[in-house]
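J.: Spelled out from the first residue to the last, the chains are:
Protein chains: 2
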Amino acid sequence: MTVHTEKPSGVPQSVTVGPIQGSRKVYAQIKERPDIRVPFREIALSDHAEAPIRVYDPSGPYTESLPAIDLNHGLPLVREAWIAARGIAATEPRPVKPEDNGYVPVDRLVSPCPAERAVRRAAAGQRVTQYEFARAGIITEEMIYVAHRENLCREAMLENAEATIADGESFGAAIPPFITPEFVRQEVALGRAIIPANINHTELEPMVIGRNFLVKINANIGNSAVVSTAADEVEKLVWAIRWGADTVMDLSTGRNIHNIRSWILRNSPVPIGTVPIYQALEKVGGDPAKLDWEVFKDTLIEQAEQGVDYFTIHAGVRLPYVPLTAKRVTGIVSRGGSIMARWCLAHHKESFLYERFDEICDIMRAYDVSFSLGDGLRPGSIADANDAAQFAELETLGELTKYAWSKGCQVMIEGPGHVPMHKIKVNMDKQLRECGEAPFYTLGPLTTDIAPGYDHITSGIGAAMIGWFGTAMLCYVTPKEHLGLPNRDDVKTGVITYKIAAHAADLAKGHPAARMRDDALSRARFDFRWEDQFNLSLDPDTARAFHDETLPKEAHKAAHFCSMCGPKFCSMKITQDLRAEMAAMGPEAQEQWAGMQAKSREFLASGGKLYVEEP
Amino acid sequence: MTVHTEKPSGVPQSVTVGPIQGSRKVYAQIKERPDIRVPFREIALSDHAEAPIRVYDPSGPYTESLPAIDLNHGLPLVREAWIAARGIAATEPRPVKPEDNGYVPVDRLVSPCPAERAVRRAAAGQRVTQYEFARAGIITEEMIYVAHRENLCREAMLENAEATIADGESFGAAIPPFITPEFVRQEVALGRAIIPANINHTELEPMVIGRNFLVKINANIGNSAVVSTAADEVEKLVWAIRWGADTVMDLSTGRNIHNIRSWILRNSPVPIGTVPIYQALEKVGGDPAKLDWEVFKDTLIEQAEQGVDYFTIHAGVRLPYVPLTAKRVTGIVSRGGSIMARWCLAHHKESFLYERFDEICDIMRAYDVSFSLGDGLRPGSIADANDAAQFAELETLGELTKYAWSKGCQVMIEGPGHVPMHKIKVNMDKQLRECGEAPFYTLGPLTTDIAPGYDHITSGIGAAMIGWFGTAMLCYVTPKEHLGLPNRDDVKTGVITYKIAAHAADLAKGHPAARMRDDALSRARFDFRWEDQFNLSLDPDTARAFHDETLPKEAHKAAHFCSMCGPKFCSMKITQDLRAEMAAMGPEAQEQWAGMQAKSREFLASGGKLYVEEP
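Respectively, the protein sequence lines represent chains A and B. Following the numbering used here, the residues of the first sequence are numbered contiguously, the last one being 636. Following the numbering used here, the residues of the second sequence are numbered contiguously, the last one being 636.
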């Protein structure tokens, strides 16, 4: 289903709406705060003995049954009353300048989203960030919201004594059996978690990023100078969150980016991240040497006022580190990193991002824009993994993390890149140590360089592992990585692959509720409840389509086999028949069955080998 | 390109032939044994300063430039002279019986492959298996062949002192810098490696499976009762090995399987594995209770005479273990395991595979069919991982491994299944311990159950990890797993995904030559040699197609950007420009650059922070 919005050309025309097949959107009301409604996706199962499964749902109102979506109007203002109550005053916004849209000629100008919003900015000394509230012992509405959101199914679990047995290896994380708002506050106050939530992004449905919460994933969208338009980008956002992206980074470059960003922000229920240096570079005509503090500062304010929730800031790319990349196989592969390296060498000066970091903190704090400290020197190949340049930068990011905290800001840290499996854990351990347990946000890492076209997989392997080791958010990689701009299918493939990695990590960490969905799906599989199996999967459409390729008939949805093995060789059917026969044979046979189970355990204890070992 | 063979319907009509784009087949002659020619795939690079890259190539003569393929005639008899020289006599083959082809009516009978071959069988006491030769201190031609094959690029590497620095974590494996035939012999003699090579599969290009060699992958093919034909299956074999499958299991069931198998074996350069219990079950009309030793024994001989290189034997599914599966979420999910469990309970008797294991060894030894001891009780869900049933069976497989060795047989062990990440390593460690370091051959494992349609990825994560930990061969999983029979695209996706997992494991283990291809590709990427980048990738066709989706012109193949970032934001272009500028500025600037590198290291040593830590 799609919703159409009548607008001039270049502006979003339609977006994908309606529930994922087999699911419905539900909003849970919090008892103490009925004004706070937390969204979930609920999957009803055909076996009525099975409780419906609630899953985490970042997709916003778009997946309601009859969503009232009007892109011109923007999404409902979930946070407006909360922020208003904090007494943060509206301010006169910075006027839009021609360079904000890349000096686009009038006839090619994309009009901005017409939704009107007040622009707020905290005064100096006025408490505004989630970090500041947390340090002051104050629980915000955002903290209540994410506590409830993270608790997903855990009420049910706590009732089931057997299932609460923690089973996992969390490498020193401290995942509680139940998340309270106070726990969230503590984690934010310790800097171990962030709630990216610009006060000017009131449409946001808050979420938390931290090692002791569910592993999150980010999807990148953004036009490039070569292809794609505004309409594509808003639909990419809606499409990415439909399949599970928890945050979205808008990496647009080129013309109209200010106005395209207004459409994205007003219509995004998830945090939006950007890399402000990209737009700053556009403003100076694309020459890194022409960048300066003034244009960068102006860009930060421009984007902060629009409501961007986190900024990638490559302040760790310092002048003395640049020569460390000289002998690398792939040099500098971060766009922001290479821009700053060029600037440093052109002027032979220390990076203005590093030198002005204090002022950057002041700006970001005033809107509660979170830092995503960029890894501009991340390795771009297996050969360059864990080298001196990468780790020098990481140490500086640790230094900056602590400084940003002292200024009241929320911080996460970006990480690699390309890393072979045996070098992944040292990245995580070093990050936790250097950066005082601030959340890690990694790109992959890719575990080999030899599979362009399949880098969602080369990196999905590394992402699952580093997520297990403690990374809080995984930045997706699509099949088009290194080759071109991802299209709609690539975005979906990237998101699903990273949902797999994140969920595999949650399971391995021993997240208390993670296995409920696996178990529900496995029971459905064993019971041949095909529809339930499809609906419980990360991508019901693909699971159903694959099944129907060879067995399209409706009757096959109840069949006790699939085309993989056929009816005679279906192990699950044989096992089921076995169990059914035993059940049908009455109490005597059942007693025998129970007796056999006891005997089996005896047998195992006693040995009982027929074959002797080789002398 | 395809080659057509004129034959009646139901028989292979055509197969895919010709080199992979950008590659050519080369045969390396061994100095001491010019009669032994070892195949490689060579990728020439457009930068003539770069040596061509040789990669391991299991694809057989099909990928020669002008292959002389005639499916009726079968492949060249690589091993005929070697085996003839060992004095193993030809024997009168067992006559083909109606049940071998599932009592198919004459009008639906697929004719057998007309290629004539002598059928050999070793006499009692006559040395025949690679294990027996190895224990006797004899180096076979197969050992020489695989030593050379595994050495891939290592000659070049040994000349390059820098690259020989071992960099990896092998968890106790003993990977030498250079593989000699004597090393292969030792590994086979210790039972740590196998060379699956039935004496009746003379078309085989030998390969080795062991923890101290390159990680291998297996692809499953096979018709099921529901769909697919003989022609499909032979083309699936050729297609799977084209993309890198090292062995292929024919899991066919239903009618015509004897004759279809003859087409597969006569035209396969890779080891073929089967699960004989499938055909035995067909012969008794599909009722597990009707199975007996006689029909099973007859099937073993039938398939051993045809040349099958390894048999999955589920002899570890013992009667007392079956009740241990009663409380599982997904019961028994191995087809062979469920068949044997049903048999054991129906007769309330110990498995005839276990009780007759001695006789099974005698049959398999006589043809050098390797054991693949099946894990009939492997977990089919995250919930069932590492449970009592699974580990009880694994202990029995250890017992049987040692017995099979004492009978002169080669052995590998099959492993799970569905296992969350934190439970993978214990599987590997236990297998090595219980089974005396016999090679492990695992299916995935899948690290979560919630992504049907993407189980190549859920399992690729587990496969890369368990490969790193020590698994010698990874059985692929396709996107259709749990949903239906894989088609041509699914087979390719499964193979490429598992090549990624195997290669990521080789890199992490510190395989001395594994990184050469990654580095060559990364250099090509950094130099914008797009064609080289495509050709070095596991799937040049897909990499090229993805690139061309947005930048189709030939001129873009030399472009210093792609559509992902566009020309202004390409970090690699910026870094290259930076390096070029430095180079062009003459000796003074270069000195400055070198001086800066030295200073950077000083700077790092001294600290040099601007920002103080939070008090």
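Don't read these hints as lab results, they were simulated from the structure. You may find that some hints are simply not true.
Identical copies go unnamed one by one, so any copy, or any two together, can satisfy a pair.
Derived DSS-like pairs (lysine-lysine); straight-line CA-CA distance at most 27 Å [to be verified]: (1) 578 <-> 348; (2) 594 <-> 304; (3) 52 <-> 318; (4) 370 <-> 446; (5) 348 <-> 423; (6) 118 <-> 423; (7) 52 <-> 348; (8) 446 <-> 52; (9) 348 <-> 594; (10) 594 <-> 370; (11) 318 <-> 46; (12) 574 <-> 451; (13) 594 <-> 311; (14) 446 <-> 304; (15) 370 <-> 311; (16) 423 <-> 304; (17) 446 <-> 574; (18) 304 <-> 46.
J.: Since the copies are identical, ignore which copy is meant and state whether residue 52 and residue 318 lie within 27 Å (CA to CA) inside a copy, between copies, both or neither.
T.: Answer is neither: 43 Å inside a copy and 69 Å across each miss the 27 Å cutoff.
J.: Is it within, between, both or neither when you check residue 348 against residue 594 at 27 Å Cα-Cα?
T.: Result: close only across copies, 16 Å inter versus 59 Å intra.
J.: Given identical chains, is residue 594 near residue 370, meaning Cα to Cα at most 27 Å, within a copy, between copies, both, or neither?
T.: Intra 71 Å, inter 22 Å, cutoff 27 Å: inter-copy only.
J.: Within a copy, between copies, both or neither: where do residue 574 and residue 451 come within 27 Å Cα-Cα?
T.: neither (54 Å within a copy, 44 Å between copies)
J.: Pop the pair residue 370 and residue 446 into one bin, within, between, both or neither, using alpha-carbon distances up to 27 Å.
T.: Result: close neither inside a copy nor across copies, 34 Å intra and 49 Å inter.
J.: With 27 Å as the alpha-carbon cut-off, assign the pair residue 446 and residue 52 to within, between, both or neither.
T.: neither (41 Å within a copy, 44 Å between copies)
J.: 27 Å Cα cut-off: does residue 446 pair with residue 304 within a copy, between copies, both or neither?
T.: neither (40 Å within a copy, 52 Å between copies)
J.: Have a look at residue 446 and residue 574 and pick one of within, between, both or neither, based on CA distance no larger than 27 Å.
T.: Neither: 48 Å inside a chain and 42 Å across chains, both beyond 27 Å.
J.: For residue 52 and residue 348, with the copy left unspecified, which applies at a CA distance of at most 27 Å: within, between, both, or neither?
T.: neither (60 Å within a copy, 38 Å between copies)
J.: Indicate which option fits the pair residue 304, residue 46 if close means a Cα-Cα distance not exceeding 27 Å: within, between, both or neither.
T.: Close neither inside one copy (42 Å) nor across copies (52 Å); limit 27 Å.
J.: Can you give me the call for residue 348 and residue 423, within, between, both or neither, at a CA distance of at most 27 Å?
T.: Classified as neither: same-chain Cα gap 31 Å, cross-chain 51 Å, threshold 27 Å.
J.: Measure nothing new, just compare the shortest in-copy and cross-copy C-alpha distances for residue 318 and residue 46 to 27 Å and report within, between, both or neither.
T.: neither (41 Å within a copy, 58 Å between copies)
Taken one by one, the earlier hints fail for this structure at numbers 3, 4, 5, 6, 7, 8, 11, 12, 14, 16, 17, 18, listed in ascending order.
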